[in-house]
Amino acid sequence: MPEQTKLELAIRQKLQQKKLLLMTHIVLGYPSFDDSLRVVEDMVKAGVDLMELQIPFSEPMADGPVILKANAEALKAGATVEKSLEIAERIVSEFDIPFLFMTYYNILHTYGVNEFVSRCESIGIQGCIIPDLPPAEGLDYLEAMQADKLAPVHIFTPNTPDDRMRFLSDNSAGFIYSVARKGVTGKETTFSDDLSDYLARCRANTTLPLAVGFGVKSREDIDFLTGKADIAVVGSETIRIVEDQGVSAVKGFVESLVA
Amino acid sequence: MRNSGYFSQFGGAFIPEILVSTFDELESAYLEAKDDDSFWKEYLELMSTYSCRATPITRLDNLSEQLGGASIYAKREDLNHTGAHKANNVMGQGLLTKRMGKTRVIAETGAGQHGVATATMAAKFGFDCTIYMGAHDVARQRPNVFWMEQMGATVVAVKDGSQTLKDAINEAFRDWVTNMDDTHYVLGTACGPHPFPEMVSWFQSIIGTEARQQMLDQTGKLPSRVYACVGGGSNAMGIFSGFIDDKEVELVGVEAGGRGRGVGGHAARLAYDDATIGVAQGYKTYFLQDKDGQMQDTHSVSAGLDYVGVSPILSHYHETRQVRFEAATDDEVVEAMQRTVRHEGLIPALESSHAFAQAYREAPQMSPDENILINMSGRADKDIFTVADAVDDPKWRDFIITKAAEYQMGQNDKKQGNGHA
Chain A
1 MPEQTKLELA IRQKLQQKKL LLMTHIVLGY PSFDDSLRVV EDMVKAGVDL MELQIPFSEP
61 MADGPVILKA NAEALKAGAT VEKSLEIAER IVSEFDIPFL FMTYYNILHT YGVNEFVSRC
121 ESIGIQGCII PDLPPAEGLD YLEAMQADKL APVHIFTPNT PDDRMRFLSD NSAGFIYSVA
181 RKGVTGKETT FSDDLSDYLA RCRANTTLPL AVGFGVKSRE DIDFLTGKAD IAVVGSETIR
241 IVEDQGVSAV KGFVESLVA
Chain B
1 MRNSGYFSQF GGAFIPEILV STFDELESAY LEAKDDDSFW KEYLELMSTY SCRATPITRL
61 DNLSEQLGGA SIYAKREDLN HTGAHKANNV MGQGLLTKRM GKTRVIAETG AGQHGVATAT
121 MAAKFGFDCT IYMGAHDVAR QRPNVFWMEQ MGATVVAVKD GSQTLKDAIN EAFRDWVTNM
181 DDTHYVLGTA CGPHPFPEMV SWFQSIIGTE ARQQMLDQTG KLPSRVYACV GGGSNAMGIF
241 SGFIDDKEVE LVGVEAGGRG RGVGGHAARL AYDDATIGVA QGYKTYFLQD KDGQMQDTHS
301 VSAGLDYVGV SPILSHYHET RQVRFEAATD DEVVEAMQRT VRHEGLIPAL ESSHAFAQAY
361 REAPQMSPDE NILINMSGRA DKDIFTVADA VDDPKWRDFI ITKAAEYQMG QNDKKQGNGH
421 A
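Chains as they are written, first to last, in this note's numbering: chain A, 1 to 259; chain B, 1 to 421.
Derived from the structure by calculation, the hints contain no laboratory data. Hints may be right or wrong, so weigh each one.
What the hints assert, rightly or not - Under the rule of at most 20 Å between Cα atoms (straight-line distance), these lysine-lysine pairs were calculated in the PhoX-like manner:
no. : chain 1 : residue 1 : chain 2 : residue 2
1   : B       : Lys403    : B       : Lys414
2   : A       : Lys18     : A       : Lys182
3   : A       : Lys149    : A       : Lys182
4   : A       : Lys69     : B       : Lys159
5   : A       : Lys6      : A       : Lys18
6   : A       : Lys83     : B       : Lys291
7   : A       : Lys76     : B       : Lys414
8   : B       : Lys159    : A       : Lys76
9   : A       : Lys182    : B       : Lys291
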């Protein structure tokens, strides 16, 4: 992926003004599509720099209990792929930050990989994170993304060897999503020296901006990451807040992170 | 570039990045073991001393005569230790776990047979063991849960999704992505990401290798047809592998017809036309899913066949027409089981009874000098509660009521005792 995507340019531009960007994650249709819209609005107002919109899937194998439940609830409430795409289109047209889709490969496979990617392009979605699609299985996807100048984002993990990191980076655009630890989303992460070493290793193996996720949930975590990464990803924690305190609590939480 | 592990368009390894190195390690361990003759020798030794291999084939004398037509034989996988073919796979993966130097095993289970087999293996090899089981299945299969816990395994009731096998698999993967350094995931069937379909089929091929030779020894020829039930597909892959190159042998896979056609009422991915090709749980095959690719609920009287996907190798054989797929409904299955118990004194599990039902349907139309072979993949002790309900046995019901009353009284006594203390 030699060409610089719109997503990477947008990230680099923002990085001129801020040392660490904030990316959040929502599950479309959870608790409802109206709520999704409201949460996005609150997050953008609170200063979020980019967002992952998850299209719900019945078997989200890489997600932990919080996001798993949100996926199941969204589907139970009647979320479909078409409705998710429609709300995403509205979100992208109303809010001026980059948006990505996060979903599982079966959603693309069933929709048609080329059709899905074209739809992303026409909606204005700038990239995709598909956690169960390694590059070797996703040649059609990678070609379609490249043809439409969209960013396929791949994941680095603490047990990814250096040569694999370089291979993943070569097949990525926009940024690299580095998970801070093993396991699924939404569990505790210890922000430590080991993590610093790992992030340095990630840096050494990609020239793309580096996002760090899995367990980021407080101002202290954000401070720790400043200078070590370009983007902090807050995923499960905002969904947990919606679940425990309701949609209206999200804005205050995000503000506490960016303050 | 394409990952290995494809059978025409089916299979692959659609795994989260965190597991890539774990799968690389597993694949090399598997390939090295496969290349190492001493590994298979050790495996055969273990299976003949710890389990009951070679399991015999039995001629169903009475039913062959009653039904007319072909002579019916059963391959007795019910005689394995823990009562099902599951032991073949589990013991093999246990040896592999030792070889990889891991100390903990996890597994999913539907009917509970694979969970019991894994807990047994863990007890024998001294591994820590956690079993994931859908909450719905925990409720259906208490006797198996009891034995797993007696053997020291932790049984986790999975309350997500449809609370059956697929949800247990998702949960086992979630454990594995956290604990892969010391943990091996003993996947129970010929599904999942590469190399599991191929590796599980390899361990199960012991069934087909034995059965082919036994049919030749006992009847002087190959059977005309071989029947196996198909949930994930491991017992079918096991027995079919012995005959796949014999053009004159017709292979018949029998899926769970449940309450009949229509999404939600069955688990027949290949025999009915309700399933479409998709990717979930790390592999590509036929799944019972909606038009968005969301997995649908399935139904079967037998927990072990109640699954949304099917072995990618069997999807491949479906397309190449090397295996014919049929479905047997819940009612047909219970009837076939009762008939086998009553007239042969054999007690096939509800899963295996699907294969019996189809064989009984076809045998009368065949010639008396033909033989057919059924894979009796397991025995039905575990199904006693379900079967007793299905045959509506009043004496069993009275027994449970009395037993429950005894427990109730015991509990009241205890409460009173505590009150006095």
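- Straight-line Cα separation of lysine 159/B and lysine 76/A no greater than 20 Å? 15 Å, holds
Next pair to validate is lysine 69/A with lysine 159/B; report whether the Cα-Cα distance is within 20 Å. Between lysine 69/A and lysine 159/B the Cα gap is close to 11 Å, so the pair holds against 20 Å.
Please verify whether lysine 83/A and lysine 291/B have alpha carbons no more than 20 Å apart. Distance ~13 Å between lysine 83/A and lysine 291/B Cα, so the pair holds.
TODO: Please work out if lysine 6/A and lysine 18/A have their alpha carbons no farther apart than 20 Å.
DONE: Since the Cα atoms of lysine 6/A and lysine 18/A sit roughly 18 Å apart, the hinted pair holds (cutoff 20 Å).
Q | Proposed proximity, lysine 414/B with lysine 76/A (alpha carbon, max 20 Å) | A | At roughly 44 Å apart (the allowed maximum being 20 Å), lysine 414/B and lysine 76/A break the hint.
- Hinted pair lysine 149/A and lysine 182/A, Cα distance within 20 Å: 31 Å, violated
Q: Compare the distance between the alpha carbons of lysine 403/B and lysine 414/B with 20 Å, and conclude whether the hinted pair is satisfied.
A: 17 Å, holds
Discussion item. Against the 20 Å threshold, does the CA-CA distance of lysine 18/A and lysine 182/A hold or violate the hint?
Written reply: Between lysine 18/A and lysine 182/A the Cα gap is close to 29 Å, so the pair fails against 20 Å, i.e. violated.
Practice problem: Decide if the proposed pair is consistent with the structure: lysine 182/A and lysine 291/B, CA atoms, cutoff 20 Å inclusive. | Solution: Roughly 33 Å separates the two Cα atoms, so the pair is violated.
Consistency note: the structure conflicts with the earlier hints numbered 2, 3, 7, 9.
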